[in-house]
Amino acid sequence: MGGGCGNQGAFALTRSWSKMSIMQAYANPTRFLNLTQPLVPWLWAVTIGLFATGLIMGWNAPPDYQQGETVRIMYVHVPAAWSAMMVYTIMAIASATGFIFRHPLADAAAKTAAPFGAVFTFLALVTGSIWGEPMWGTWWVWDARLTSMFVLFLLYLGYMAIWQAIEEPQRAARIAGIIAIAGFINIPIIKFSVDWWNSLHQPASVFRMDRPTIAPELLWPLLIMGLGYTFLFLVLHLTAIKTEITSRRIRQMRIANIREL
Amino acid sequence: MTRKQKRLMMLCAGLAVLAVAAGLVLYAMRDNIVFFYTPSDITEKAIPPGTRIRLGGLVEQGSFKKGEGAVVTFTVTDTLKTIPVTYTGQLPDLFREGQGVVTEGALDATGLFVADTVLAKHDENYMPKELADSLKEKGVWNEGKKP
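Those protein sequences? They're chains S and C, same order as listed.
Taking numbering that gives the first Met the number 0, the leading residue of the first sequence gets 0, the next gets one more, and so forth.
Taking numbering that gives the first Met the number 0, the leading residue of the second sequence gets 0, the next gets one more, and so forth.
One should not assume that every hint holds.
[Said to hold, decoys possible] Taking lysine to aspartate or glutamate pairs in the EDC-like style, the calculated list, with each CA pair at most 16 angstroms apart, reads:
(1) C:K64 x C:E96
(2) C:K80 x C:E59
(3) C:K128 x S:D194
(4) C:K80 x C:D40
(5) S:K190 x C:D30
(6) C:K128 x S:E68
(7) C:K80 x C:E43
(8) C:K65 x C:E96
(9) C:K44 x C:E59
[Said to hold, decoys possible] Output of the computed footprint for chain S on chain C, the stretches with three or more beta carbons under 8 angstroms from beta carbons of chain S:
(10) 10-24
(11) 114-127
[As the list claims (entries may be wrong)] Partial list, derived from the structure: chain S residues whose beta carbon lies under 8 angstroms from chain C:
(12) P62
(13) D63
(14) Y64
(15) Q65
(16) F98
(17) I99
(18) F100
(19) W135
(20) V140
(21) I180
(22) A181
(23) I184
(24) W196
(25) Q201
(26) S204
Source of the hints: derived by calculation from the structure; they are not laboratory data.
Values in this document were obtained by computation on a predicted structure and should not be read as measured data.
Glycine residues also receive a C-beta, built at the ideal position from the N, C-alpha and C atoms.
Go ahead and model the full structure; you've got the sequences and the hints to work with.
Okay, structure coming up:
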């Protein structure tokens, strides 16, 4: 991990505070860690609580009038797809912040979000496929929703590949960031793909202009699972940012040691 | 203008251009991005017999008939136009009259759509069986019957 993560001076502990703006002061890595790390155990507790509640409620929810028991795949699939899009949005915002303010904490947040987003996307694709086989009669079709979701997966992989390919972290952050920001155009395409073009995938049931088209006893477990996924990402992301900051500091110390010799 | 403001402007301008470009591309390609054609599309475009296409719509109420062996016939409608379909093989679980369906195949000379694939299209409604039954009893909900 240490290779390619150094960012000379960016995370240095001894830095003049007088010239920093208020925003920069709060986004200082040490302050950020001091502020967020005590929350981590509590966030884990909330995450486990939400998952336990959501899974039990999902297990006990009545079967759908058409899909029968297969409807339960929704409780894994739909929150995974929501999270995949949410994580990408966070990654794009962090990248834009890094691009405009040249802030290494924003770059670290963007970099560490990508693998989680990729996993959520993969989970959505796989569970969707497992649902599609019995319900639609096919594992996969190239309709607008499925294709745009697959493109999202490729965007995550490409973004991660750029970080791996470019040695210098500031350069990697700029180039990967531009990919992340440009790729954001895919998010509204995913969301509205089922409205703009006819597709095999059904239109939105929850986030739509009128009221949700899911009966409340089926909807509640879904919303709780959605919250559970969100908190899971939050706690994992905070931990990953901490790891990233630490590994950059280790690299800086090593570089400093080499210079002394 | 500070460098930060400059970068912000650059980013906004870049995104705006990209959004317009993506919009134009998607608009130009809309006929290829759609997953299936409705019966109205097919009549309108006058697609020649033998061209492989996907036909989608609702299975018309009362149109489903079992033929010899695994042969089935039904009519696909978009409430404006209808196209008769014949298919040999296993139907997916969700195939019902009044429900969405996407079939793949080609029109023959007589205007009959010969399908070799039938996919069921699920709609956005999710509810427990009891609720669906009671809604049907009250006559406020009308869903197709399983063939």
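Structure-based check of each hint:
no.: 1; hint: C:K64 x C:E96; verdict: holds, 11 angstroms
no.: 2; hint: C:K80 x C:E59; verdict: holds, 11 angstroms
no.: 3; hint: C:K128 x S:D194; verdict: violated, 27 angstroms
no.: 4; hint: C:K80 x C:D40; verdict: holds, 9 angstroms
no.: 5; hint: S:K190 x C:D30; verdict: violated, 19 angstroms
no.: 6; hint: C:K128 x S:E68; verdict: holds, 11 angstroms
no.: 7; hint: C:K80 x C:E43; verdict: holds, 10 angstroms
no.: 8; hint: C:K65 x C:E96; verdict: holds, 13 angstroms
no.: 9; hint: C:K44 x C:E59; verdict: violated, 22 angstroms
no.: 10; hint: 10-24; verdict: holds (count 6)
no.: 11; hint: 114-127; verdict: holds (count 12)
no.: 12; hint: P62; verdict: holds, 6 angstroms
no.: 13; hint: D63; verdict: holds, 6 angstroms
no.: 14; hint: Y64; verdict: holds, 4 angstroms
no.: 15; hint: Q65; verdict: holds, 6 angstroms
no.: 16; hint: F98; verdict: holds, 6 angstroms
no.: 17; hint: I99; verdict: holds, 5 angstroms
no.: 18; hint: F100; verdict: holds, 6 angstroms
no.: 19; hint: W135; verdict: holds, 5 angstroms
no.: 20; hint: V140; verdict: holds, 7 angstroms
no.: 21; hint: I180; verdict: holds, 7 angstroms
no.: 22; hint: A181; verdict: holds, 6 angstroms
no.: 23; hint: I184; verdict: holds, 5 angstroms
no.: 24; hint: W196; verdict: holds, 5 angstroms
no.: 25; hint: Q201; verdict: holds, 5 angstroms
no.: 26; hint: S204; verdict: holds, 4 angstroms
Checked against the numbered hints above, the structure violates hints 3, 5, 9; every other hint is satisfied.
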